[in-house]
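Student: Chain by chain, the residues run as shown.
There are 2 protein chains.
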Amino acid sequence: MPVITTIELVDLRFPTSESNAGSDAVNKDADYSAAYLRLATDDSTLYGCGFTFTIGRGNEICLQAMEVLAAKLVGRDVAQVCRAPGTVYRELAEDSQLRWLGPDKGVVHLARAAVMNAVWDLAARHAEVPLWRLICEMDPEVLVEQLDLSYLGDVLSAGEAVAMLEEQRPFHQARIAELSEQGFPCYTTSPGWLGYSDDKLARLCREAMDEGYQHIKLKVGGDPADDERRLGIARSVIGPDKMLMIDANQIWEVPEAIERVEALAHHGLLWIEEPTSPDDVLGHRRIADSVRQRGIGVATGEHGMNRVLFKQLLQADAVDFVQIDSCRLASINEIIPVLLMAKKSGKPVCPHAGGVGLCELVSHLVMIDHIAVSGPVAGRVAEFVDHLHEHFVDPCHVSQGAYVLPTRPGYAAEIKAETLAAWAWPDGTEWVKRRQVMTA
Amino acid sequence: MPVITTIELVDLRFPTSESNAGSDAVNKDADYSAAYLRLATDDSTLYGCGFTFTIGRGNEICLQAMEVLAAKLVGRDVAQVCRAPGTVYRELAEDSQLRWLGPDKGVVHLARAAVMNAVWDLAARHAEVPLWRLICEMDPEVLVEQLDLSYLGDVLSAGEAVAMLEEQRPFHQARIAELSEQGFPCYTTSPGWLGYSDDKLARLCREAMDEGYQHIKLKVGGDPADDERRLGIARSVIGPDKMLMIDANQIWEVPEAIERVEALAHHGLLWIEEPTSPDDVLGHRRIADSVRQRGIGVATGEHGMNRVLFKQLLQADAVDFVQIDSCRLASINEIIPVLLMAKKSGKPVCPHAGGVGLCELVSHLVMIDHIAVSGPVAGRVAEFVDHLHEHFVDPCHVSQGAYVLPTRPGYAAEIKAETLAAWAWPDGTEWVKRRQVMTA
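In order, the protein sequence lines correspond to chains A and B. Under the numbering used here, residue 553 is the last one in the first sequence; the count climbs by one each step, no gaps. Under the numbering used here, residue 553 is the last one in the second sequence; the count climbs by one each step, no gaps.
In isolation and in its complexed conformation, chain A is listed as follows (with noise of 0.2 Å):
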């Protein structure tokens, strides 16, 4: 039977920064950036791969963190580890030496969910499903096992997850069904970045309304002439009915924010994002109070960074869109608590995507929490961002607005080898390119 043998690291940057690309009111230069592991075992077919996401500087340390957390897989049998990801999760988790590092939050935490995202990874490529099947058909027992409810006891029960999974049950064919014909909604935040110009804002939200989105993301909290101009241009393009949702990426300071965006609600806004500290849950609820009076709901969570704080978000109904994050969250063991604690407080949960490979995840992510979890549709989308997706041997596809229902075995987490080549800091190939044209 095949064991784990090797951990490949890999420190994976893209210089995005370069066309504005990812750019908003507090990230303004962001390098698209990956800590990507693979975990090889002496059965050459097999193997897992995962990553978490930054934005540049620190993906070492994060790589750092990895490597010291994964060492504690090699040598293990694939087939147990396949078994029972909680295990191993459980055995990261409880490393109290680094557990003092967080707990369950940073830079450790990042390196969990990249282990772990592997660890999945490798668990559907050996059960040779997509891991939104593997999810999906998992005895409800079996997978709440796998599952973090630790610091939940309040809110959400071992016995209570099972029974909330198994009263789906009867509805997955349909809803499978039904999302390979259609696949699931998603919105576009490719127009919206603070750095475009009105007129590539313009020219891509007509794109996105002619590939069939109902719905545009845009970029605020610069100044606020400029944020109520590229709102009205974005809305006299798209029209009066299509969903309008702006992102402040945690700018403002609480009062601040309820100010700015009470300026800015003429344009008819679905959801203001990110608009103060993502630790703020008070905060939240104070803007949430404001906000809702004009039909705007509050979303946050893609710095959200561990379950005890999505649980406070519910507790305080605090959010209105619940965005989880694949690669902040330490991956299945702790999202899928979070979708049945969203599920149990009416909330939607709708992804944060992007970056590199968020979307790929996600789209493994939402197919989960619609057939297993959360049911009906309405209400609910994940963010699409078209780029870097030529990167991935299996990448996510969009259709007519919608996320396709992922068809090839694992957690579509794999990057193309010449890709690694290419751009592993600080000695791939571009990369070295790039300093002999800045030297020349």
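Rather than coming from a laboratory, the hints here were simulated on the basis of the structure. As the structure is a prediction and not an experimental result, all values here were calculated from the model. Some clues are possibly wrong.
It does not matter which identical chain is meant; a pair holds if it fits inside one copy or across any two.
As the list claims (entries may be wrong) - Below, a list of computed lysine to any residue pairs in the SDA-like style, where the Cα atoms sit at most 20 Å apart:
{"#": "1", "residue 1": "K141", "residue 2": "D208"}
{"#": "2", "residue 1": "K141", "residue 2": "E204"}
{"#": "3", "residue 1": "K313", "residue 2": "T200"}
{"#": "4", "residue 1": "K141", "residue 2": "R203"}
{"#": "5", "residue 1": "K141", "residue 2": "S263"}
{"#": "6", "residue 1": "K313", "residue 2": "R493"}
{"#": "7", "residue 1": "K529", "residue 2": "F505"}
Since chain A is already given, all that's left is putting chain B on it; use the hints.
Tutor: Quick look at chain B alone, frame taken from chain A:
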């Protein structure tokens, strides 16, 4: 004028797990460690030392992040850095690529704490006064410019912070005189580690009373029968009038915490410390609502990740004793805002200490809080654990259960050269010896 020329980094670890010192419900094998740095200048008489505290594995990850942050200081004019440590703090905080790994939490935040601790040590050495005096004698306007008030706009404005500091100035001299005489009261955790035998617990409690302590803290959260027995022993030794506190180190779920503390309340407890996840503001509020009925307060903060968490703990009235950590909050720049918010909420700040060097830093912080921010000492007590002080050039002093007012220039953060040579991981002379013994 002197310039910062080099950054010296040391991975310092002590084998404290061998003695069970530091053993609690979650941290069973703590090897007390410091990710330590020294800012060297071209003026050989001037330097600054700082560190963050960890419990072993992962110390090297903090050092890697410290190296990235501290590199920004090389070549800087010392006078300029010392005139405006807040400018340096903001430069470290505003690296948007590194910010993605938090923001303001985990490894990168611990690293910022270490670097800023060294900057403040340098500033106090440059001014040739103890840090507490440098801070207390700063013009309030200037001091507030050094503080990180971001995301606190809904509770504390800069103007309000200045006014609060101004209000205390007439009392500075009297308070300094009082502290020089009596010091600042502390309690000891030394008797209460979970790994100690009943006899050792009883003996250490007796010794603590002989040394003049008015408070004893015990670790709890293991077998309920053990907690009951050990608290009985401690109470019988210290008598009915001395204060007894318990510390669960985050081991419980919220409902479990309420039940377990209820069962121990008859021993007469001042506080329950870290009953559950340090991130769970609303959970702490629920626990407080219950235990306060038995006269027990909630203490938390040693894992309080940043000022936004403390803001919410205070807003939600979820904490009775605010336990800031000198190496987890990002040094003076983030700590004083928490002192000011606690003062505004009328909650005493009782800093966490112990580990490596936390007591040394706390011996300055409690003086700053008392002299310049909070005033009356009544109800305040700081932690003291009597180990590893011999490794410091300017160790803190405790007399009759009180921290003595520091008199030497700096932040007391400098570690002896011989200690660095002996306990640097993995190649310090003492670690090499240990490996030789093990392999012999």
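Student: Each hint: holds or not?
Tutor: Okay, the hints, checked on the actual structure:
1. Taking CA atoms no more than 20 Å apart as the test, K141 paired with D208 passes between copies only; the shortest distance there is 10 Å, against 36 Å inside one copy.
2. Proximity of K141 to E204 under the C-alpha cut-off of 20 Å is restricted to the inter-copy arrangement: shortest distance 15 Å between copies versus 37 Å within a copy.
3. In this assembly of identical chains, K313 and T200 lie within 20 Å of each other by CA distance neither inside one copy nor across copies; the values are 49 Å within and 36 Å between.
4. Within a single copy, K141 and R203 get their C-alpha atoms only as close as 37 Å, which misses the 20 Å cut-off; across copies the closest is 16 Å, which meets it.
5. Taking the closest pair of Cα atoms, K141 and S263 come within 20 Å of each other only across two copies (19 Å); inside a single copy the shortest separation is 36 Å, beyond that limit.
6. Proximity of K313 and R493 under a CA criterion of 20 Å is satisfied in neither setting, with 28 Å inside one chain copy and 60 Å between copies.
7. In this assembly of identical chains, the alpha carbons of K529 and F505 lie at most 20 Å apart only when taken from the same copy (6 Å versus 52 Å across copies).
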